[in-house]
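Protein sequence lines correspond, in order, to chains A and Z.
Under our numbering, the first residue of the first sequence is numbered 176, with each subsequent residue one higher.
Under our numbering, the first residue of the second sequence is numbered 176, with each subsequent residue one higher.
None of these hints come from the bench; they were simulated from the model.
Treat the hints with care, since some could be wrong.
No distinction is drawn between identical chains; accordingly, a pair holds when it is met within one copy or between any pair of copies.
Here are the computed lysine-lysine pairs in the DSBU-like style, where the Cα-Cα straight-line distance is at most 30 Å [what the hints assert, rightly or not]:
#	residue 1	residue 2
1	402	195
2	195	399
3	273	526
4	267	526
5	287	399
6	273	399
7	267	287
8	444	273
9	478	195
10	402	273
11	478	444
12	195	444
13	478	526
14	273	287
Number of protein chains: 2
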Amino acid sequence: MSLREEIVSMGRNARAASRKLAILSSRRKNAILQAMADELEARRDQILEANRQDMEAGRSVGLSSAMLDRLELTASRIDSMIRGIRNVTALKDPVGSKISRWIRPNGLEIVKVRVPIGVISIIYESRPNVTADAAVLCIKAGNSVILRGGSEAIHSNLAIADALQAGGIRQGLPEHAVQIVRSTDREAVRELCHLDEYLDLIIPRGGEGLIRFITANSRVPVIKHYKGVCHVYVDESADLEMAIRICENAKCQRPGVCNAIETLLVHQKIAEQFLPRMADMFRRHNVELRGDERSRAIVPEMKAATEEDWYAEYLDLILAVRVVSDLDSAVEHINHYGSHHSDAIVTGSDKAARRFTNEVDSATVYVNASTRFTDGGEFGMGAEIGISTDKLHARGPMGLEELTTYKYIIYGSGQIRE
Amino acid sequence: MSLREEIVSMGRNARAASRKLAILSSRRKNAILQAMADELEARRDQILEANRQDMEAGRSVGLSSAMLDRLELTASRIDSMIRGIRNVTALKDPVGSKISRWIRPNGLEIVKVRVPIGVISIIYESRPNVTADAAVLCIKAGNSVILRGGSEAIHSNLAIADALQAGGIRQGLPEHAVQIVRSTDREAVRELCHLDEYLDLIIPRGGEGLIRFITANSRVPVIKHYKGVCHVYVDESADLEMAIRICENAKCQRPGVCNAIETLLVHQKIAEQFLPRMADMFRRHNVELRGDERSRAIVPEMKAATEEDWYAEYLDLILAVRVVSDLDSAVEHINHYGSHHSDAIVTGSDKAARRFTNEVDSATVYVNASTRFTDGGEFGMGAEIGISTDKLHARGPMGLEELTTYKYIIYGSGQIRE
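Kindly produce the complete structure, drawing on both the sequences and the hints.
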């Protein structure tokens, strides 16, 4: 079987499975999830052994220590996968809930009801725990899933997916509801992108190269989980103590994640007061600051920022700093250079807050809080498949509801159109 | 300026305009719409003259009479465009409405609020009235729009778009909020498809060729308005009088539209009773019937249907007919051959209705009513930009709300993540 035939056959099987999955009861789906968790537990040693293979291969090809850390499974990481599944089991099933209902003058009753999307492909890189997290969320929302992980994690991913399938099927999971692409060839991703007959959605989670490849090639709708170039803007009326705390948290609490900030914007009127204190605080955290001319006039030890710095997602202890003339310039900077992910204003002014939240075109806009809260768990969704940086269907944290769509059911008594 | 540069420049300008448009008040947008309607009225003769040019060109290249009919503008069609704008003016503005709001244990208040999508391109064929209908809905929902109509209607479309721009700008419409692509080259569509930096959404309305071209080429999210291969399934427990009325209406009331049915499925238990009466009724409407073997055994004068007939969108007085063994076969036929648009069951059984509505994977599923009700107006949305046959973001009739997305605004008092 050629790669294309293999992928097409996975798609056809996933579609058939999705029809069965869509009509399973919540109770049945929860029993399936429970059995998946149990099987991960039972196969713990096999999974760790598979992961050792990946780690060895990774070391021999010289993966960075950061990559190896992401790749590694430990007993506690397996525990956390299992705990993750139990959490999702406990969440409310969105399928079947009525979004709205109304009656037309001709007596037709229209009900807008939540239904599964159908078949979803998750294309991701390195972390093998995504295999379990993503599969389980898709299944709970009634969707078949085709997983495509990174080549460096192939043994781990196969071991995890095999456990999920075996456990699930024991409790009535339709065959082919969870599938994993065994080929590590990039061509397999291209074939998935051309599978619009059977795939309803591709969610890519990974680096810029992967996302660009999928965007350029996909005939299937895509919801991108792209980069986070996030900002804090410290307004002229800000409480400077609060601003310092928020900047510290947004940059330093976990610099390697998408909702950490990469650029700090400061209103010119408070720059002289604020910037030296800000620089002191960041110095204690070993954060490298790269400033524009106006901020370097106040804190001369900052490196000079270049145009590229305003676009950069450092994911590291580096921060670009710019003094802006007013709120308009801050909004303009964020809309132009940002990635429309998470941006915050620190301000004492309701008017400034209102303008900022109206005019910044981002998925999540904060007033006087850290951008680090952009997260399904922090939002109260219970779990998330990721953070959408797209505008259609789902924006920001994507939980179970965002993995569903709707249909209209119309009840009549013989109505015809005049 | 090359075609690419021209399209990129339109995109950049549309993005800038969308920032201004997004924060206009409902009152301001309504004044803009009103001025657009007034300007169409004022330029009625110019528009009719431009349309005469298109009609002449169309005749000289031998457009079919159906195409010419779609292309033609008359005084009454211009009236109806103007009335359409006044209707949209009266509709409630969805922008700024709160979808939900909750408070987290840490005190963060999360508000999910409706906002414009941004920049939308509508790519359509022949009917010039779409120029006004689509532009006005996009503007009311706060979006910039780039229109690309069919080459045969270019003079009409330009005249209409010029009137909308001129009228709107007088009342504060941002420059470049409504733009029309002047090139009639297919390459212009390709350039729009590559404009992911500036375009948030492409809505194609047209034939299969156009839709396939856009799906294959677009890096911009697409919501397809694809074909309607719609079904009525007459269940064993159906009221046959009602079934006849619904079939008649769904096929004959307006056969050339996407929510008319193309295939009739009949349960084997009632086929002998139902099919002859059905055939009599359709004979009076000059509908050509194409049946499978089992239905031709009952009504021998039907032509024989081929496999292609089950996929066909005739948009004409032709109907494919098939006898099915049970509800399962009906559902399977619809999910396999249909276009997931509008499908109906006629039944006296609540259980059959529930299974049909659960298992048929279509945007709108009817119980005992005609499929012809799939329409923004009939649903009570006031107006529609079309019928989405996709599953993401919007499914079925797309009104003003479906031309918006949301953002999360999070209000804090200095919260940081632990």
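Hints and how they fare:
1. With identical chains, the CA atoms of residue 402 and residue 195 are at most 30 Å apart between copies only, with a shortest distance of 26 Å across copies and 35 Å within one.
2. Taking CA atoms no more than 30 Å apart as the test, residue 195 paired with residue 399 passes in both settings, with 28 Å inside one copy and 26 Å between copies.
3. For the homomeric pair residue 273 and residue 526, the shortest alpha-carbon distance between copies (19 Å) is at most 30 Å, but the shortest distance inside one copy (37 Å) is not.
4. Taking CA atoms no more than 30 Å apart as the test, residue 267 paired with residue 526 passes between copies only; the shortest distance there is 25 Å, against 38 Å inside one copy.
5. Taking the shortest Cα distances, residue 287 and residue 399 sit within 30 Å of each other both inside one copy (26 Å) and across copies (20 Å).
6. For the identical chains of this complex, residue 273 and residue 399 are neighbours both inside a copy (27 Å) and across copies (25 Å), given an alpha-carbon limit of 30 Å.
7. Proximity of residue 267 to residue 287 under the C-alpha cut-off of 30 Å is found in both arrangements, the shortest distances being 18 Å within a copy and 20 Å between copies.
8. Proximity of residue 444 and residue 273 under a CA criterion of 30 Å is satisfied in neither setting, with 51 Å inside one chain copy and 34 Å between copies.
9. With identical chains, the CA atoms of residue 478 and residue 195 are never at most 30 Å apart, being 59 Å at best within one copy and 35 Å at best between copies.
10. Proximity of residue 402 and residue 273 under a CA criterion of 30 Å is satisfied inter-copy only: 27 Å between copies versus 34 Å inside one chain copy.
11. Within a single copy, residue 478 and residue 444 get their C-alpha atoms as close as 22 Å, which meets the 30 Å cut-off; across copies the closest is 82 Å, which misses it.
12. Taking CA atoms no more than 30 Å apart as the test, residue 195 paired with residue 444 passes between copies only; the shortest distance there is 26 Å, against 62 Å inside one copy.
13. In the homo-oligomer, the alpha carbons of residue 478 and residue 526 never lie at most 30 Å apart, since the shortest distance is 34 Å inside one protomer and 71 Å across protomers.
14. In this assembly of identical chains, residue 273 and residue 287 lie within 30 Å of each other by CA distance both inside one copy and across copies; the values are 6 Å within and 19 Å between.
Taken one by one, the earlier hints fail for this structure at numbers 8, 9 and 13, listed in ascending order.
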